[in-house]
Amino acid sequence: MDFNQFVDEVKGRIKQFLPIEYEGAQVKIEEIKKLNENYLGITVLKENQVIAPTFNLNQLYEMFQSDPQNSMENILRNITELVLDAPEQFDPKSITEYETAKDKLFIRVSSAEKNEEMLQNVPHQMREDLAITYHLAISIDDIGVGSTMITNDILKRYGISEEQLHADAMENSPNVRPVQVMIMGSMIEQLMGMGSETIMRDEPVQNITEIISKGMGMERETPMFIITNPQTVDGAGVIFYPEVMEQIGEGFQGDFFILPSSTHETLVIPDNGTFDYRVLEDMVQTINENEVAPEERLSDHVYHYDVKDRVFERADKFEERQKEKTAQLGKNEHTGKEQSMKQPKAKKHEMEL
Numbered sequence: 001m002d003f004n005q006f007v008d009e010v011k012g013r014i015k016q017f018l019p020i021e022y023e024g025a026q027v028k029i030e031e032i033k034k035l036n037e038n039y040l041g042i043t044v045l046k047e048n049q050v051i052a053p054t055f056n057l058n059q060l061y062e063m064f065q066s067d068p069q070n071s072m073e074n075i076l077r078n079i080t081e082l083v084l085d086a087p088e089q090f091d092p093k094s095i096t097e098y099e100t101a102k103d104k105l106f107i108r109v110s111s112a113e114k115n116e117e118m119l120q121n122v123p124h125q126m127r128e129d130l131a132i133t134y135h136l137a138i139s140i141d142d143i144g145v146g147s148t149m150i151t152n153d154i155l156k157r158y159g160i161s162e163e164q165l166h167a168d169a170m171e172n173s174p175n176v177r178p179v180q181v182m183i184m185g186s187m188i189e190q191l192m193g194m195g196s197e198t199i200m201r202d203e204p205v206q207n208i209t210e211i212i213s214k215g216m217g218m219e220r221e222t223p224m225f226i227i228t229n230p231q232t233v234d235g236a237g238v239i240f241y242p243e244v245m246e247q248i249g250e251g252f253q254g255d256f257f258i259l260p261s262s263t264h265e266t267l268v269i270p271d272n273g274t275f276d277y278r279v280l281e282d283m284v285q286t287i288n289e290n291e292v293a294p295e296e297r298l299s300d301h302v303y304h305y306d307v308k309d310r311v312f313e314r315a316d317k318f319e320e321r322q323k324e325k326t327a328q329l330g331k332n333e334h335t336g337k338e339q340s341m342k343q344p345k346a347k348k349h350e351m352e353l
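By the UniProt record's numbering, the letter at position 2 of the sequence shown is numbered 2, and the numbering carries on one by one without gaps.
What the hints contain is simulated information worked out from the structure, not anything from laboratory work. All figures in this text were calculated on a predicted structure; none of them were measured in a lab. Mixed in with the good hints there might be a few duds.
[Stated by the list, open to error] Result set (BS3-like, lysine-lysine): computed pairs, CA atoms no more than 30 Å apart in a straight line:
#, residue 1, residue 2
1, K114, K156
2, K114, K317
3, K102, K33
4, K46, K34
5, K331, K308
6, K33, K104
7, K102, K11
8, K46, K11
Assemble the whole structure, with the sequences as input and the hints as a guide.
Have a look at this one:
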């Protein structure tokens, strides 16, 4: 069975598996464009229902193909469970009126290059080659967050500025999707797929410094920390929450590297002279190519946080900036010496007795 046949069968048979109240439901199949991926989705709307979740048919088809024992009936039962587990009551005002909607705001981060076309239609802010976008949480559970993205049209309807949207989203994100910090084994152990250990989960921002300080004391080698959210889904944006990078820097007592593990998490490791960013970048690129699904890749670059200057930037740009600083310092010292040599010596006053 090819994908088109699969879609037709799902659409034609799904209502046979749903309760009687879905007899008059509308089954919609449409292309969904999201950050990093496009897919064909199925939505089941009961009569008078305004909004309902959309489920990824491409993923369901992969499940169907990957397991010979996975019958079409099993797939339809899975979709039925998803439909019935979705929240039944939804107030449209919770996303159409900003005063209500802003408490559901949170941020996500993605590759600007991969999402260039989509970003033309959504408010966003750039951090190097990464784009921060804004989303409304519709539902939250252990698996993830059902959400909708803020588009330019929605922003216009709200009647607020993009700056206000950004400020509110940054303030509210830790409430919707809190920070979670985990310590892993040494850098080499992690990259080799060896052991990792969670020492704390779902910690408020003010405890990040303490978590990292404890982790540094636990490991003989340079440890790595995962920065994400409790669901470990779309958690890479957590690194940009207010004061998170500052708190990490306090824990490390210095600068640190940020590795874009995936759209779900970032990894941080102290810049203590143990690793050159080029080595880290090679590792990130290798893992992206071999381990990370294309739709979950964030970047092939390694980033750096300068604690003193409070600057987030690509690691190669940090190195270049430091070279420029050193060159400027040397130039200033040389200029100072020249000026000192050019100053006329004070004349000695002769005294006659």
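Task: Violations among the numbered hints - done: 7
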